[in-house]
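Top line first, the protein sequences correspond to chains A and B. Per our numbering, the first sequence starts with residue 241, numbered consecutively. Per our numbering, the second sequence starts with residue 218, numbered consecutively.
Any given hint could turn out to be false.
[To be verified] Pairs of lysine-lysine, DSS-like flavour, derived with a Cα cap of 27 Å:
hint : chain 1 : residue 1 : chain 2 : residue 2
1    : A       : 355       : A       : 324
2    : B       : 331       : A       : 324
3    : A       : 327       : A       : 337
4    : B       : 297       : A       : 358
5    : A       : 376       : A       : 446
6    : A       : 324       : B       : 299
7    : A       : 337       : A       : 429
8    : A       : 324       : A       : 429
9    : A       : 324       : A       : 267
10   : A       : 337       : B       : 345
11   : A       : 371       : A       : 267
12   : A       : 485       : A       : 446
13   : A       : 327       : B       : 297
14   : A       : 270       : A       : 446
15   : B       : 297       : A       : 355
16   : A       : 376       : A       : 358
17   : A       : 429       : A       : 483
[To be verified] Derived list of chain A stretches under chain B, where covered just means 3 residues or more per stretch with a C-beta under 8 Å from a C-beta of chain B:
hint : region
18   : 342 to 349
19   : 358 to 370
[Stated by the list, open to error] With beta-carbon atoms standing in for the labels, derived distance ranges:
hint : chain 1 : residue 1 : chain 2 : residue 2 : range
20   : B       : 497       : A       : 490       : 29 to 39 Å
21   : A       : 264       : B       : 421       : 29 to 39 Å
22   : A       : 264       : B       : 499       : 48 to 58 Å
23   : B       : 301       : A       : 391       : 48 to 58 Å
24   : A       : 343       : B       : 486       : 21 to 31 Å
If you're looking for bench data, these hints aren't it; they were derived computationally from the structure. Cβ coordinates follow ideal geometry from the N, Cα and C atoms, glycine included.
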Amino acid sequence: MTNSKQVVLELRNVSTIVNRNTPNQTKILKGLNLTVYPGDFITVIGSNGAGKSTLFNTISGDISPDAGQVLHYGQDISHDSVEKRTKFLSRVFQDPKMGTAPRMSVAENLLLAAKRGKRRGLRFRNLRSNKEHFQKLATSMGNGLAQRLDTPTENLSGGQRQALSFLMATLNRPDILLLDEHTAALDPKTSAGLMEQTSQTVAEQKLTCLMITHHMEDALKYGNRLLVLHDGQITLDVRDADKDKMTIQQIMELFVD
Amino acid sequence: MSLITSSIGQGLLWAILGVALFLTFRILDFPDMTVEGTFPLGAAVTVTAITHGASPAMATLYGFLAGGVGGLITGLLYTKGKIPILLAGILVMTACLSVNLRVMGGSNVSLIGKTTFFSADFFQTLPKYFDSIIIGGITIIFITVLVMLFLETDLGQAFIVTGDNRMMARSQGINTDNMTILGLTISNGLVGLCGALISQSNGYADANMGIGIIVVALASIIIGEVVFGELTLNQRLIAVTLGSIIYRFVLLLVLQLGFSTNDLNLISAIILAFSMMLPNLRSSLHLNGILRKGLGTNDKQ
Chain A
241 MTNSKQVVLE LRNVSTIVNR NTPNQTKILK GLNLTVYPGD FITVIGSNGA
291 GKSTLFNTIS GDISPDAGQV LHYGQDISHD SVEKRTKFLS RVFQDPKMGT
341 APRMSVAENL LLAAKRGKRR GLRFRNLRSN KEHFQKLATS MGNGLAQRLD
391 TPTENLSGGQ RQALSFLMAT LNRPDILLLD EHTAALDPKT SAGLMEQTSQ
441 TVAEQKLTCL MITHHMEDAL KYGNRLLVLH DGQITLDVRD ADKDKMTIQQ
491 IMELFVD
Chain B
218 MSLITSSIGQ GLLWAILGVA LFLTFRILDF PDMTVEGTFP LGAAVTVTAI
268 THGASPAMAT LYGFLAGGVG GLITGLLYTK GKIPILLAGI LVMTACLSVN
318 LRVMGGSNVS LIGKTTFFSA DFFQTLPKYF DSIIIGGITI IFITVLVMLF
368 LETDLGQAFI VTGDNRMMAR SQGINTDNMT ILGLTISNGL VGLCGALISQ
418 SNGYADANMG IGIIVVALAS IIIGEVVFGE LTLNQRLIAV TLGSIIYRFV
468 LLLVLQLGFS TNDLNLISAI ILAFSMMLPN LRSSLHLNGI LRKGLGTNDK
518 Q
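Take these sequences, add in the hints, and give me the full structure.
Listed below in structure tokens is the structure:
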């Protein structure tokens, strides 16, 4: 085993159960083990019901594991709340509506994200002094977001909203970034643009990132590591050269059984 | 003339209730029924404190605190007890009815001959009803400015985003339960304060004085929005006070038409329902131009 200090995130034998104590009781994750190293950009694929979302929810704290442990730099965080984990973790959801506050402006949303996981007291927020910085950040997304800093996010396009969500998730550097099919709700062109932006930002900031995707091409093209989830367990975990050798055909075969 | 000054004074005093409800109804985005209990609670506590020799200032503070406790309980029932917000509010409201009777020792207590904010010698030198204009005006300006400043802080922003997108708020590390409890506590504290001032203005507290007041508060919020349209958050807060005054004028008008004060709750409900339907009616009947003309001339007076 590697020294746990060098492991950003570790899941040890994690099991989750839904509908506990009812006739519909089912196990979703079945003793799953995963070790995430600094700088890993992991693409996660798997059929519906394989446990991809449950895996993310267990990491983010929306679900507490029924057995096993979740460790962050060796520290047990299995039962820490979602709010507590935001100190080191951020997430972009599939639904553009979920990641932004609709009636607040782009700049206001960014300011909220800049203080992710920090104490919020009775100090003035100083929106104005942050505007210039936000302007630069928004310009880097290159989709017109920079011209709409004062627009309520409900008036943005889905692509702009999702780009904003991504910007918000990376603004205050997270130890772990979770991307939950964050381009799935966008049209192909916008989706490809955001995917490129994602890859660039993750590389530039050397982020540790897990990304669920349904696009086999994206799963192979991006990241340094590929996970295939099936029936609550990891059935394939390849990295670097081994990952590069994988073809869509090979992955599809893994899905068939 | 005195009818108009009376309406403005009442509008300013009742605006406190509107601003209080704005925090929950508009910012946290749910209807809080607790106010029908915490309003008479604030009144009962204040009036009882005054009759027991407390100064008006201390008595009013007690009214504010009592209301806050009511809101705190609703908040706990909702967030920790997982009781739906509407029911949590109704539970506390109902409980308050008994508490109020206990506090007052009867169904009403008079303030005749007691010292209140409104009995100060200074006010006796002014024309009638100027007392409520001054007290209401100072209080509502103070509260509105305080709320505006609060909403500009990091904590205030966390409070706003809790009502706007709970899921996103949590993923930014905001404890939305605490924000909800905070909002309900402050809001009902202000409701208790409003009850404290109204009871001193009326010269008595009555166990039934909370009935229908949620409609009064919502009416000032909605009228403000319908009349002034698209506004920033700060402007919307001010619009609540203006809406509250307009609402008093509408009531005045209705009473002049020959309705009795017993009809007030019915009329309030009709005014609120009408105001809430107006945006829809506007677009379907193309009333916009007509209304703007009508309101424009009234505003200039």
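Hints versus structure:
no.: 1; hint: A:355 x A:324; result: holds, 13 Å
no.: 2; hint: B:331 x A:324; result: violated, 53 Å
no.: 3; hint: A:327 x A:337; result: holds, 22 Å
no.: 4; hint: B:297 x A:358; result: holds, 23 Å
no.: 5; hint: A:376 x A:446; result: holds, 20 Å
no.: 6; hint: A:324 x B:299; result: holds, 21 Å
no.: 7; hint: A:337 x A:429; result: holds, 20 Å
no.: 8; hint: A:324 x A:429; result: violated, 36 Å
no.: 9; hint: A:324 x A:267; result: holds, 26 Å
no.: 10; hint: A:337 x B:345; result: violated, 54 Å
no.: 11; hint: A:371 x A:267; result: violated, 47 Å
no.: 12; hint: A:485 x A:446; result: holds, 23 Å
no.: 13; hint: A:327 x B:297; result: holds, 24 Å
no.: 14; hint: A:270 x A:446; result: violated, 31 Å
no.: 15; hint: B:297 x A:355; result: holds, 26 Å
no.: 16; hint: A:376 x A:358; result: holds, 23 Å
no.: 17; hint: A:429 x A:483; result: holds, 26 Å
no.: 18; hint: 342 to 349; result: holds (count 4)
no.: 19; hint: 358 to 370; result: holds (count 7)
no.: 20; hint: B:497 x A:490: 29 to 39 Å; result: violated, 58 Å
no.: 21; hint: A:264 x B:421: 29 to 39 Å; result: violated, 59 Å
no.: 22; hint: A:264 x B:499: 48 to 58 Å; result: holds, 49 Å
no.: 23; hint: B:301 x A:391: 48 to 58 Å; result: violated, 34 Å
no.: 24; hint: A:343 x B:486: 21 to 31 Å; result: holds, 28 Å
When the structure is compared with the earlier hints, violations turn up for hints 2, 8, 10, 11, 14, 20, 21, 23 and for no others.
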